[in-house]
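Chains as they are written, first to last, in the numbering used here: chain A, 68 to 407; chain B, 68 to 407.
Please keep in mind that the hints were generated in silico from the structure rather than gathered at the bench.
Possibly wrong hints are sitting among the right ones.
Note that the list lumps identical chains together, so a pair holds whenever it fits in one copy or between two copies.
[Claimed, not checked] Here are the simulated DSSO-like pairs of lysine-lysine, each with C-alpha atoms no more than 27 Å apart in a straight line:
id, residue 1, residue 2
1, Lys182, Lys360
2, Lys208, Lys264
3, Lys182, Lys208
4, Lys346, Lys360
5, Lys346, Lys361
It should be emphasised that the depicted structure is a prediction, and the values quoted were computed from it without experimental measurement.
Chain residues, written in single-letter form:
Protein chains: 2
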Amino acid sequence: MRLMKRLSILLALLIPFAANAQEKAPPHIMFVMHGGAGTITRGSMTPEVEKQYRDKLEEALRTGQAILMKGGTSVDAVEAGIRVLEDSPLFNAGKGAVFTHEGKNELDSAIMEGKTKMAGAVAGVTIIRNPISAARAVMEKSPHVMMVGRGAELFATKMGLEIVDPSYFWTERRWKGLQQELLKEQERQANPHAEIKSDDETRHGTVGAVALDAAGNLAAGTSTGGTTNKQYGRVGDSPIIGAGTYADNDSVAVSCTGTGEFFIRWTVAHDIAALYQYKGLTVEQAGNEVIHKKLEAVKGDGGAIILDRKGNFAMPFNSEGMYRGWIGPDGVPHVLIYKE
Amino acid sequence: MRLMKRLSILLALLIPFAANAQEKAPPHIMFVMHGGAGTITRGSMTPEVEKQYRDKLEEALRTGQAILMKGGTSVDAVEAGIRVLEDSPLFNAGKGAVFTHEGKNELDSAIMEGKTKMAGAVAGVTIIRNPISAARAVMEKSPHVMMVGRGAELFATKMGLEIVDPSYFWTERRWKGLQQELLKEQERQANPHAEIKSDDETRHGTVGAVALDAAGNLAAGTSTGGTTNKQYGRVGDSPIIGAGTYADNDSVAVSCTGTGEFFIRWTVAHDIAALYQYKGLTVEQAGNEVIHKKLEAVKGDGGAIILDRKGNFAMPFNSEGMYRGWIGPDGVPHVLIYKE
Numbered sequence: 068m069r070l071m072k073r074l075s076i077l078l079a080l081l082i083p084f085a086a087n088a089q090e091k092a093p094p095h096i097m098f099v100m101h102g103g104a105g106t107i108t109r110g111s112m113t114p115e116v117e118k119q120y121r122d123k124l125e126e127a128l129r130t131g132q133a134i135l136m137k138g139g140t141s142v143d144a145v146e147a148g149i150r151v152l153e154d155s156p157l158f159n160a161g162k163g164a165v166f167t168h169e170g171k172n173e174l175d176s177a178i179m180e181g182k183t184k185m186a187g188a189v190a191g192v193t194i195i196r197n198p199i200s201a202a203r204a205v206m207e208k209s210p211h212v213m214m215v216g217r218g219a220e221l222f223a224t225k226m227g228l229e230i231v232d233p234s235y236f237w238t239e240r241r242w243k244g245l246q247q248e249l250l251k252e253q254e255r256q257a258n259p260h261a262e263i264k265s266d267d268e269t270r271h272g273t274v275g276a277v278a279l280d281a282a283g284n285l286a287a288g289t290s291t292g293g294t295t296n297k298q299y300g301r302v303g304d305s306p307i308i309g310a311g312t313y314a315d316n317d318s319v320a321v322s323c324t325g326t327g328e329f330f331i332r333w334t335v336a337h338d339i340a341a342l343y344q345y346k347g348l349t350v351e352q353a354g355n356e357v358i359h360k361k362l363e364a365v366k367g368d369g370g371a372i373i374l375d376r377k378g379n380f381a382m383p384f385n386s387e388g389m390y391r392g393w394i395g396p397d398g399v400p401h402v403l404i405y406k407e
Numbered sequence: 068m069r070l071m072k073r074l075s076i077l078l079a080l081l082i083p084f085a086a087n088a089q090e091k092a093p094p095h096i097m098f099v100m101h102g103g104a105g106t107i108t109r110g111s112m113t114p115e116v117e118k119q120y121r122d123k124l125e126e127a128l129r130t131g132q133a134i135l136m137k138g139g140t141s142v143d144a145v146e147a148g149i150r151v152l153e154d155s156p157l158f159n160a161g162k163g164a165v166f167t168h169e170g171k172n173e174l175d176s177a178i179m180e181g182k183t184k185m186a187g188a189v190a191g192v193t194i195i196r197n198p199i200s201a202a203r204a205v206m207e208k209s210p211h212v213m214m215v216g217r218g219a220e221l222f223a224t225k226m227g228l229e230i231v232d233p234s235y236f237w238t239e240r241r242w243k244g245l246q247q248e249l250l251k252e253q254e255r256q257a258n259p260h261a262e263i264k265s266d267d268e269t270r271h272g273t274v275g276a277v278a279l280d281a282a283g284n285l286a287a288g289t290s291t292g293g294t295t296n297k298q299y300g301r302v303g304d305s306p307i308i309g310a311g312t313y314a315d316n317d318s319v320a321v322s323c324t325g326t327g328e329f330f331i332r333w334t335v336a337h338d339i340a341a342l343y344q345y346k347g348l349t350v351e352q353a354g355n356e357v358i359h360k361k362l363e364a365v366k367g368d369g370g371a372i373i374l375d376r377k378g379n380f381a382m383p384f385n386s387e388g389m390y391r392g393w394i395g396p397d398g399v400p401h402v403l404i405y406k407e
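Just need the whole structure built from these sequences, with the hints factored in.
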């Protein structure tokens, strides 16, 4: 009897463990995206337009998450999520890119893998439908990290990426945005002392993603059309490794959005990573230190998404709003737009 | 008597201070340059060629130092020193730039000021005689930080910089270097398993400078022709703020040389600055951590020059040699080439 009782107690103790072992734990994954920062307020948005943005961000989040749940890599998820936003006219990347001063669309993009620190970037490309995929091709299929202009386009063409006519990137909304900016430029030249503000929201924007996959590897990617009315040949922070895009398994994955010139000069993505790694700050603390303290002091507006290998993430921004969201193993997308 | 004695002692004690105050202390300035890292050994160099390199480096060092002694800014010194090396066919920058796969010369450059963190860069330019001056024009006369290709060339032309025919950059030595590389590429394709090494020294190289001026401000600049046989449109680390070039009065000024792709992926210049600022390492320790520990582990070859506001500097490199030198207020240039 005693032995039987002991055995039954032992069995009762072991059963929950056995059940847990059979019921597989969900993979420890996380996927965070942004769709640009700027003067995005409730007052400037109709419910219909807001719904379009929310729906598209949710679609992009779900796309990346599905890949991560199937055991796909963080690089796969970042590329796929960004492609969804590049193919939408809503965001300043791919299809919805803003116009340069000369009325062209010049696109920039970068991607980076945290495990190997492999990276790829393209800048000033005009005929590649999905610049994020061209950045990935540079990373995986060239000996280089960064390629620009016609050289990058020839490479992407050789690699079999989808090539489009430059007119693919023409959208009425962005064209009007350029005309408004050109008018404001004329007004500024006529009245050098008047403060004539640009419409931030239509003027810039960027999309980006950071991912943690089931194998514990980080990745980051960013894609943009730059800023409305930018000069021919201008490159912003998005394709600059360490400025707009950075990923390192020893620290964090970061993708930025904002006035690119400040993000290059403050090496924002790598500075956040360095504060996390060398000073032991959390993702929130490191993000706040750079986005709020350092950049606000010089009126450098924008934000960043930051993710570490434990799945901790932060989405700091110092502008009115930032399209942003995250999705974890439960598959529920969370989208935010305003300060709230 | 007692009083007189005391007074005379006091006078004797004060006189040296007064003399010191009249004899103006030399300005606390420092100027450090590099002319590229690679397989540079005593065996590969004739005394005549070595003398050419030493003479030109000394000339560049003296040029920058003279500006700093006259109270010129660190940016002035960096630009002037680099222009001397750009105008020489010896170094892979400006006149001596290497050739791309297509037989062209595409030049990259960046400059950064430590006080304001203002920065400028150009990449893939083919008709600007002194790319470092174009980088400075972008920094000071455009709203942007980085401009590439034709757009950068149009901007430089508008700014009145000296424009040359692309043939200006043709030199027999670099042309032969490309032909050798193309042959090696064919051999590699025919024998994929044979290890056919490129001639490092003719293949890449870069020039750079870091300066501390009498006002206590740092600056850094870098200029390069990239790597021999690079693909059309490839951009290396030199024009990437945070990778090949960085300056911040809160930390250090850095200019790098080496296999650019590694320097971009490891955000070398900013990582050295972050280790100095956030972990309290010295310029030597921070340089060694990145150049020797991190880069050597992945066979990323090259070096860096690093300078802080106290005038402390380091010149770490993990290749066979690095053209390098420094000059202080005494006006004596020190030039080193090999490991010694």
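* Asked: How would you label the pair Lys182, Lys360 (within, between, both, or neither) given a Cα cut-off of 27 Å?
  -> For Lys182 and Lys360, the Cα distance is within 27 Å only across copies (17 Å; inside one copy 30 Å).
* To do: Indicate which option fits the pair Lys346, Lys360 if close means a Cα-Cα distance not exceeding 27 Å: within, between, both or neither.
  => both (16 Å within a copy, 20 Å between copies)
* To do: Check Lys208 against Lys264 for me: Cα-Cα at most 27 Å, and say if that holds within a copy, between copies, both or neither.
  => For Lys208 and Lys264, only the inter-copy Cα distance (20 Å) is at most 27 Å; the intra-copy one is 43 Å.
* Same-copy or cross-copy closeness of Lys346 to Lys361 [CA-CA at most 27 Å] -> So Lys346 and Lys361 pass the 27 Å test inside a copy (16 Å) and across (19 Å) alike.
* Asked: Quick one: Lys182 to Lys208, C-alpha cut-off 27 Å, is that within a copy, between copies, both, or neither?
  -> Within one copy, since 17 Å is at most 27 Å while 40 Å is not.
Checked against the numbered hints above, the structure violates none of them.
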